[in-house]
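Enquirer: Given chain F's structure and the hints, the job is docking chain R onto it.
Going down the list, the sequences are from chains F and R.
Numbers in this note's numbering are just positions in the first sequence, counted from 1, shifted up by 50.
Numbers in this note's numbering are just positions in the second sequence, counted from 1, shifted up by 50.
Keep in mind the hints are simulated off the structure, nothing from the lab.
Since we're looking at a predicted model, the values are computed, not measured.
No residue lacks a Cβ here, since even glycine has one placed at the ideal position from N, Cα and C.
Ranges between beta-carbon positions, derived for each pair:
no. : chain 1 : residue 1 : chain 2 : residue 2 : range
1   : F       : 82        : R       : 116       : 17 to 25 Å
2   : F       : 82        : R       : 214       : 29 to 37 Å
3   : F       : 188       : R       : 82        : 29 to 37 Å
4   : R       : 229       : F       : 230       : 30 to 38 Å
5   : R       : 229       : F       : 177       : 55 to 63 Å
6   : R       : 63        : F       : 186       : 34 to 42 Å
7   : R       : 245       : F       : 230       : 46 to 54 Å
8   : F       : 219       : R       : 231       : 57 to 65 Å
9   : R       : 106       : F       : 180       : 53 to 61 Å
10  : R       : 148       : F       : 109       : 53 to 61 Å
11  : F       : 221       : R       : 104       : 45 to 53 Å
12  : R       : 116       : F       : 227       : 53 to 61 Å
Partial list, derived from the structure: chain F residues whose beta carbon lies under 10 Å from chain R:
no. : residue
13  : 62
14  : 69
15  : 70
16  : 80
17  : 81
18  : 83
19  : 86
20  : 92
21  : 103
22  : 120
The list that follows gives simulated cross-link-like pairs (lysine-lysine, DSS-like), each with its CA atoms no further than 25 Å apart:
no. : chain 1 : residue 1 : chain 2 : residue 2
23  : R       : 74        : F       : 74
24  : R       : 74        : F       : 67
25  : F       : 85        : R       : 67
26  : F       : 67        : R       : 85
27  : R       : 85        : R       : 67
28  : F       : 67        : R       : 67
29  : R       : 67        : F       : 74
30  : F       : 85        : F       : 74
31  : F       : 74        : R       : 85
There are 2 protein chains.
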Amino acid sequence: MPLPSQLLENAVADFAKLPGIGRKTALRLVLFLLKRDVNEVEHFADAVTSLRRDVCFCRQCHNISDDEVCPICADTHRDRTTVCVVENIQDVMAIENTQQYNGLYHVLGGVISPIDGIGPSDLEISSLVDRINEGSVKEVIMALSPTMEGDTTSFYIYRKLAPTGVKMSQIARGIAVGDELAYADEVTLGRSILNRTTYDG
Amino acid sequence: MPLPSQLLENAVADFAKLPGIGRKTALRLVLFLLKRDVNEVEHFADAVTSLRRDVCFCRQCHNISDDEVCPICADTHRDRTTVCVVENIQDVMAIENTQQYNGLYHVLGGVISPIDGIGPSDLEISSLVDRINEGSVKEVIMALSPTMEGDTTSFYIYRKLAPTGVKMSQIARGIAVGDELAYADEVTLGRSILNRTTYDG
Chain F
51 MPLPSQLLEN
61 AVADFAKLPG
71 IGRKTALRLV
81 LFLLKRDVNE
91 VEHFADAVTS
101 LRRDVCFCRQ
111 CHNISDDEVC
121 PICADTHRDR
131 TTVCVVENIQ
141 DVMAIENTQQ
151 YNGLYHVLGG
161 VISPIDGIGP
171 SDLEISSLVD
181 RINEGSVKEV
191 IMALSPTMEG
201 DTTSFYIYRK
211 LAPTGVKMSQ
221 IARGIAVGDE
231 LAYADEVTLG
241 RSILNRTTYD
251 G
Chain R
51 MPLPSQLLEN
61 AVADFAKLPG
71 IGRKTALRLV
81 LFLLKRDVNE
91 VEHFADAVTS
101 LRRDVCFCRQ
111 CHNISDDEVC
121 PICADTHRDR
131 TTVCVVENIQ
141 DVMAIENTQQ
151 YNGLYHVLGG
161 VISPIDGIGP
171 SDLEISSLVD
181 RINEGSVKEV
191 IMALSPTMEG
201 DTTSFYIYRK
211 LAPTGVKMSQ
221 IARGIAVGDE
231 LAYADEVTLG
241 RSILNRTTYD
251 G
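Extracted from the complex, chain F is given alone in its bound form (with noise of 0.2 Å):
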């Protein structure tokens, strides 16, 4: 059934455009805004569009920031030296999440799927050839996910730093922790038996 009104059509089709959201959560959603009082309605409106309008990228690493430079590059007590490539912002909130991690990041923005249209240049890829280039990195670590297109990019940007001789690895790949062996997919179990690590080391 259509819905009974043309404002309420336009804002659950733009809803509905959204990753996971379907015309159900769409109008879900829409009818509980309506509910809102209009100042609030209107700073959630706000709050998106200057969002996508004043957005800064940190120049170094292409993360989302306030300023030219984000929290994490400027901030003095970290590892300078050591750089780790991630998909996206969320991927660095991870990575962060586990306190494990003092070096610096490089945010590609995606990762190469031919399937989606993104290649190689669509990517944060040459700038952090550039800045390898520098010098002053001596480690990259490779954080994408075990995925077809996370192995493709991993590799591609392999290739690519090779030439600059920098030290480069890749986040272990095996059994979670928590998980049950029996349940383990078989890559997954025999690569960790492949890759297993010695008690001493």
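Expert: Only chain R this time, still in chain F's reference frame:
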């Protein structure tokens, strides 16, 4: 970990106020919008604010409408002697989708729920009583959800409308089509036996 940008933080906080949207989902939605064209994002924001500012409600049934009278109330082919009382516009759409009902509606805008501070005066109940008092309606069908709040509201309206002498009915409750009898809850199964329908009826 706090977000690296205040603009991002504001947008995420506003999205996370929507029902069923947590901070992680909010971040995903906001980052999606960030990758869209500026015009597209402004269109999204406009759709939301203009809906909130310019929305109308049908003066007869209180459904959302672009005009003073909604398409359902304006439709001369519908049975104007039957009114179906529902909680909200989603319920109107759900019933319309069944294509089994040809009467009019009355949208309460919620149900009586003291715990949420919603009393009878917050709902379109007095306008329903006025509408029935006009005399052209012959039957009122209560189609509220079979919850504590829904039943309380149905009973309250039943008491309010009883003096008018209008015929009142309630949508059938019983085993849902496709349900396994063994897994049905006791109250529903018990009621479905008490309210059994005869084959010739």
